[in-house]
Amino acid sequence: MKIKLFKQEIEGSSIRQIERSSGEVLKNCYQCGNCSGGCPVSYEMDLPPSQAIRFLQLGKVEEVKKANSMWLCVGCQQCFSRCPKSVSAANLFEALRQMSLRQGKDHREIRDLPVSFLEKAPQQAIVCGFRKLVS
Amino acid sequence: MARIGVFICQCGNNIESTVDTKSVSEEMEKVPGVVFSCNYKFMCSSPGQEMLKEAIKKHKLDGVVVSACSPHMHEKTFRKACESAGLNPYRCEIANIREQCSWVHHDKTKKTGTVKSNDLTRMTIERLKRNRPLKKINIPVNKRALVIGGGIAGIQAALDIAEGGREVILVEKEPSIGGNMARLSETFPTMDCSQCILTPKMVEAELHERIKIYTYSEVEGLDGYIGNFTVRIRKKAKYVDEELCTGCGECIEKCPFKASSEFELGLNKRKVIYTPFPQAVPNIPVIDAPNCTMIQKGKCGVCAKVCGPKAIDFEQTDEIVEEKVGAVVVATGYELMPNERFGEYGYGRIKDVINGLQFERLASSSGPTGGEIRRPSDGKVPESVVFIQCVGSRDEAKGVSYCSKICCMYTAKHTMLYKHKVHEGQAYVFYMDIRAGGKRYEEFTRRAIEDEGAMYLRGRVSRVYERGGKVVVQGADTLSASQVEIEADMVVLATAIVSRTGADTLAQRLGIGYDRYRFYNEYHPKLRPVETVNAGIYLAGACVGPMDIPESVSMGSAAASKVLALFSADEMAREPIVAGVDKTRCNACWDCLVACPYSAIEKEEVKNRQGETVRWNARVNEGVCQGCGVCVAACRSKVIDLAGYTDEQVYAAISAF
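Residue numbers (my numbering), protein chains in the order written: chain A, 105 to 239; chain B, 7 to 663.
Keep in mind that a hint or two might mislead.
Said to hold, decoys possible - Some but not every residue of chain B turned toward chain A, in silico, with C-beta under 8 Å: (1) Phe42; (2) His426; (3) Val428; (4) His429; (5) Gln432; (6) Met438; (7) Ile455; (8) Glu456; (9) Met461; (10) Ser486; (11) Ser488; (12) Glu491; (13) Ile492.
As the list claims (entries may be wrong) - Capping the alpha-carbon separation at 25 Å, the derived lysine-lysine pairs in DSS-like fashion look like this: (14) B/Lys241 to A/Lys108; (15) B/Lys445 to B/Lys207; (16) B/Lys179 to B/Lys241; (17) B/Lys28 to B/Lys47; (18) B/Lys445 to A/Lys108; (19) B/Lys386 to A/Lys108; (20) B/Lys179 to A/Lys131.
Simulated from the structure, these hints should not be mistaken for laboratory data. Here a beta-carbon is modelled for each residue, glycine too, at the ideal position from N, C-alpha and C.
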């Protein structure tokens, strides 16, 4: 992949919004990779947590939004509990999800789901799923 | 008949596990001349040493063999113990049955180790029998020191030696002392202004009654040995009489010609008669002869006309002065690798690609832009600056294999200086690793990233080129596995730190060693870091390898303490294990002179009563000789012998095997 770097993006409004709603400071991450090492679902992610943070540091929000990572994050906060710089990738993913949903993308209505699915799916999965998918 | 005592050490289990020390002890009792023999758990312990002393007195021993570890470890200990028991210390010899026997044999039946220990001990006994008592050699010490290089390491060494009450001669190649540190704007990690902390030291050195400074001077040669060196110094012609000049600066102001400034690294011009920078010490200008029309063509002479005290002297020539000193501190510092060879970074071609020291000048309030960050091509304030680390460093193909050590830190500092001066600017740093080992160093680099917003990209830059008034940098960010392109206004290269041009020539003149990068070799990289193989010559600062200011200062002080320790006595005692020439039989072939790695062999004239030279022979300078024995092997007529290791002794040892 080839990317061009701009100050306007690195300190852009999307980045500021993500930092504000997640409460995290992107610059604090020094890319040790501990989050990706411990994440229970990182092997399925297009961008493991540390790389997702890296793209955010570079101001490339769209790259992260394109990836499936934020939807796979279960919010277990293992990344945060292990992080030597106290950065929570889970909080950042949450912020990204909120951002995406508020823009009307990936939004799901409960009533649109088939009843058969709701009957079959475990309760925990439904709670988790809706926590992520409804804004 | 000799009365020799033999002491076999078990060294806990180090020796005992593969050597039956009791049987060795019993075996040695049978050797003619041995009157006492024993084994003990730790000979080097105080009870062990006491036992040795008592045995010497009780059995009236005239020689001692200790079979134990390498003589490097405890030869001194046992010789001292012998001396305190009234025995000549050089009548004590060590047989190494640990490193050279028990540690390399794994035969648990102890057979191999015991047989070998017997042999080694017996050989040493035979060598000892033919050993003459030796006396330490006393050499008078000339208590003045020479410091080569007037950077921070040299200044620190000079000040410490002078404060210790000894005279110092400080030789500096440039017109002013100060070195590279004088060029820096601020220093990491405290952000002290470099000149503010350096210039008081420069002035202190200048005004110190025991420091004599030769600027614009170089060491041409060094003769002699520890305590008694003679140094030849070339004082290059300044064309200004140092006694008459008042440093008013009128000549500099009126000089109509300009040349590129070495101090500003080509970022600015200076007059042809100049001082490198305003706080120069001494504040005496020099004339740049190749660029002076008066000296070259006999036209101009404005400086001489305006000079009140008539200090300008176009007839001045280089002068050679000789100084006698007892010790030398080498502190010649470093320079940056000439980066024209890195074509991919456009250095030398693209004006807005500069090196780290040039950036220091741009950031310095006394620099060519008065401290404003302006790019060299058009003087514009750069909106973004790309810093590239490891340019030439850690690059075996085109540069040097080592890490230049300070670049990570000064680049972090540069990003801060830039941000402090250009608030809206964006700094990018390409790095391979951030090496911030040092007190408060890691915190400093994190500050650059977290508080000052420098964007660090992990990867090298492969291409730098110009496009529409911008400098385009193309590199990698391995953390995001991306190719990265940045349109920057200026690029700063953290180029490799290399030894000074001519460092090898100086090393050869001084007789000290240097590595493949022409950095000077320490005597021992860990335990004797400021000494060299040439006794009396010490090292300080970045001439040894890349290092930062605190390290250089520490090393300057360390070298000074070594010099002061040497100067603390009127005479210096040296080990008497030196070579000697049988002058009656020397045929003056000078093979020894060529072979000696320490230049300890001298040519000696033999004169008759009429004062005519009748013959020559070789002579060993006992002050310089390190007792390596190369001359003994080289001598064709077998007339050189090494005290403590004479041919007779060595043959006797071999015969006993």
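Status of the hints after comparison with the structure:
1. Phe42: violated (64 Å)
2. His426: At about 17 Å, which exceeds the 8 Å cut-off, the nearest Cβ of chain A leaves the hint on B/His426 violated.
3. Val428: violated (12 Å)
4. His429: violated (12 Å)
5. Gln432: holds (4 Å)
6. Met438: Hint on B/Met438: violated, closest Cβ of chain A at ~13 Å, above 8 Å.
7. Ile455: holds (6 Å)
8. Glu456: The hint holds - B/Glu456 has a Cβ within 8 Å of chain A, the shortest such distance being about 5 Å.
9. Met461: Holds, about 6 Å.
10. Ser486: Interface hint status for B/Ser486: holds (4 Å vs cutoff 8 Å).
11. Ser488: holds (5 Å)
12. Glu491: holds (5 Å)
13. Ile492: Since the shortest Cβ distance to chain A is 5 Å, the answer is holds.
14. B/Lys241 to A/Lys108: violated (55 Å)
15. B/Lys445 to B/Lys207: holds (23 Å)
16. B/Lys179 to B/Lys241: holds (9 Å)
17. B/Lys28 to B/Lys47: holds (11 Å)
18. B/Lys445 to A/Lys108: violated (36 Å)
19. B/Lys386 to A/Lys108: Distance of about 23 Å is within 25 Å: holds.
20. B/Lys179 to A/Lys131: violated (46 Å)
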